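Colleague: What follows is each chain in one-letter form.
Protein chains: 2
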Amino acid sequence: MTSEKKHYQRPVNFKTGKVEMNFGAGGKASAQLISELFAKYFSNEYLDQGDDGARLPCPEGELIMATDSHVVSPIFFAGGDIGALSVHGTVNDVAVCGAVPKYLSAGFILEEGFPLSDLKRIVESMAEAAKEAGVYIVTGDTKVVERGKADGIYINTCGVGVLPKGVRLSGSFCKPGDVIAISGDIGDHGVAVMSQRVNLGFETNVESDSASLNRLTEKLVKGVPSLRCMRDPTRGGLGTTLNEIASQSNIGMVLEEDRIPVKESVEAACEFLGLDPLYVANEGKLIAICAAEDAEKMLAIMREDPLGQNAQLIGRCIEDENHFVQMETGFGGVRMVDWLTGEQLPRIC
Amino acid sequence: MTSEKKHYQRPVNFKTGKVEMNFGAGGKASAQLISELFAKYFSNEYLDQGDDGARLPCPEGELIMATDSHVVSPIFFAGGDIGALSVHGTVNDVAVCGAVPKYLSAGFILEEGFPLSDLKRIVESMAEAAKEAGVYIVTGDTKVVERGKADGIYINTCGVGVLPKGVRLSGSFCKPGDVIAISGDIGDHGVAVMSQRVNLGFETNVESDSASLNRLTEKLVKGVPSLRCMRDPTRGGLGTTLNEIASQSNIGMVLEEDRIPVKESVEAACEFLGLDPLYVANEGKLIAICAAEDAEKMLAIMREDPLGQNAQLIGRCIEDENHFVQMETGFGGVRMVDWLTGEQLPRIC
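Going line by line, the protein sequences match chains E and Y.
Heads up, the first sequence is in my numbering, so the first residue is 44 and it goes up one at a time.
Heads up, the second sequence is in my numbering, so the first residue is 44 and it goes up one at a time.
Treat the hints with care, since some could be wrong.
[To be verified] Away from chain Y, derived, C-beta distances all over 10 Å, residues of chain E:
hint, residue
1, Met64
2, Leu80
3, Gly156
4, Glu171
5, Gly177
6, Ser213
7, Ser269
8, Glu314
9, Leu316
10, Leu342
11, Leu356
12, Gly373
[Claimed, not checked] Calculated lysine-lysine pairs in the PhoX-like style (CA-CA distance at most 25 Å, straight line):
hint, chain 1, residue 1, chain 2, residue 2
13, E, Lys192, Y, Lys163
14, E, Lys61, Y, Lys192
15, E, Lys163, Y, Lys192
16, Y, Lys262, Y, Lys208
17, Y, Lys61, E, Lys192
18, Y, Lys262, E, Lys192
Calculated from the structure, these hints are not laboratory results.
No experiment lies behind these values; they were computed from the predicted model shown.
For every residue, glycine included, the Cβ atom is placed at its ideal position computed from N, Cα and C.
Bound conformation, chain E alone (with noise of 0.2 Å):
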């Protein structure tokens, strides 16, 4: 042994450099992404320890565990990104069920040739999310695939929250009588997405409402006595939603079109688009049934929320063996909500 070990190769190079095959083959390149990237703006103390896995307080009771794998092109668009969205999708799906998030795992697949300017943007906006959100980032993969085996990026998340005491919520859980609600504006995220997708043809300006719920479900939880069940509407949208949760219930739905808030750009978009918003995904959206006695009280608590302020009670559960979602429309009809068929949406988160 006589020459001297080269404990480092180069920094890594995160304004011209591209993803190298290496990043993902475990040894020193592996390593150097880690410690310069993930490390560096993911860093808490359960990160930090540097394990294959991470060691995580956890109170006696119950958790909430849920994944997501974010495969949404492109991976940047007006409101947010790959990045933020992976945080926020997991943290929703957690939340929703009553939790508190606390840990979220990354795992995430480049493509070789992906440019490192990008990861470190997403990385950085990842980190951000996970800090307004107050969860930890505490353990994570990376794994590298050879050009025209990926879309540049794709990120997985998994989240564990931790269920307090005596909170028991579920989409089966509705009962004929229950009162439904909405935390504002549908649409805004698919539109967002697609617009920058096709080409429009005109502004839409609108923006994605890609965001975490935990703070607004916390206070759902506590406020509302007889909260049965809240579910964020992302793929499929508000009506693919609702289908799910009277088919759980076994029961059905009648909801007010009127009632229900879409922004006259999304509107529009939607109309140009050939796409109806109740089933165009939402990233920061939230739906909450609870029984008719607590209704207004729910919607209060939406509305004092940043993410809630156009909160709506937008309809009813009833008794129906078929589970059918109907609404009535503006001229005294009523039309079917049924279930996305087909695919309205690709890749959209």
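With the hints as your guide, set chain Y onto chain E.
Modeller: Okay, now just chain Y, sitting in the frame of chain E:
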């Protein structure tokens, strides 16, 4: 509302069908794929709750959380497949931290056109691996990307385990004088995958060692009082993993080449492929390090386990502020075992 609502489309064809974009769109087709495949094979009391996150019992104390994305190519290889591997890999990351793995999430990224028969085979294999390891797949997610934006299937798993009271293991706990054990022959997984990928020109008969190590790790945690750390040497192999531990613990290591178990067939294949078995990935092998006084006990526990029959004590920790890992060769020389630099085997896990 006059027409009868169809609740279900035709059944998913798992014999000759292909993944279609609408399987990932969050509508009826997504729901069908989930109910007819994932929910069916992974079914357990937690997954069956059917909400956005799974509600999980958790004893007071500490959790271990770890994640891995799997992009192995080919997806089926001698001794395993991407499905079983995605369970083994994450179970092992949790187990080597000293925890009892309990819950897994599963996030699928599918390429449009991927054969559903292959997907079914992979899901069955995951279900089987989870059952063997005694873990539950409690929550999941499926995304579909267009042809040419993935390579058939990528799977992320995240694992949560419970750390028994008082157990503290870390790659930073090793001390000079400690003894290093490996649970068996190295390099099997990498060679099995590579020999399937390239035309080797001869039969290797090497099978991947892909397996869940949590039974063995539980025995070591209970039976080896001075256990400092455990690791599974996957990407980067034994050489890189030992370098990581040496750095974390601020020590050096001396290995004895003659004691490192490598199958002759693996040795031959590595020679042919220009690989060093020290850097070839394992998916069912364990490094364990403890104080010298417990070394024989550690070895005996390993050898009693079906997955540790060829376990060996391969070296010791020494004082070295440079964190060098050295290897005494059969001829009385010493060579450096550096970190893997660059990329030895892409997409090996």
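Colleague: Decide, hint by hint, whether the structure agrees.
Modeller: Structure-based check of each hint:
{"no.": "1", "hint": "Met64", "verdict": "violated (5 Å)"}
{"no.": "2", "hint": "Leu80", "verdict": "holds (16 Å)"}
{"no.": "3", "hint": "Gly156", "verdict": "holds (14 Å)"}
{"no.": "4", "hint": "Glu171", "verdict": "holds (21 Å)"}
{"no.": "5", "hint": "Gly177", "verdict": "holds (17 Å)"}
{"no.": "6", "hint": "Ser213", "verdict": "violated (5 Å)"}
{"no.": "7", "hint": "Ser269", "verdict": "holds (18 Å)"}
{"no.": "8", "hint": "Glu314", "verdict": "holds (20 Å)"}
{"no.": "9", "hint": "Leu316", "verdict": "holds (15 Å)"}
{"no.": "10", "hint": "Leu342", "verdict": "holds (22 Å)"}
{"no.": "11", "hint": "Leu356", "verdict": "holds (22 Å)"}
{"no.": "12", "hint": "Gly373", "verdict": "holds (17 Å)"}
{"no.": "13", "hint": "E:Lys192 x Y:Lys163", "verdict": "holds (22 Å)"}
{"no.": "14", "hint": "E:Lys61 x Y:Lys192", "verdict": "holds (18 Å)"}
{"no.": "15", "hint": "E:Lys163 x Y:Lys192", "verdict": "holds (22 Å)"}
{"no.": "16", "hint": "Y:Lys262 x Y:Lys208", "verdict": "holds (15 Å)"}
{"no.": "17", "hint": "Y:Lys61 x E:Lys192", "verdict": "holds (18 Å)"}
{"no.": "18", "hint": "Y:Lys262 x E:Lys192", "verdict": "violated (41 Å)"}
Comparing the model with each earlier hint shows violations of hints 1, 6 and 18; every other hint is respected.
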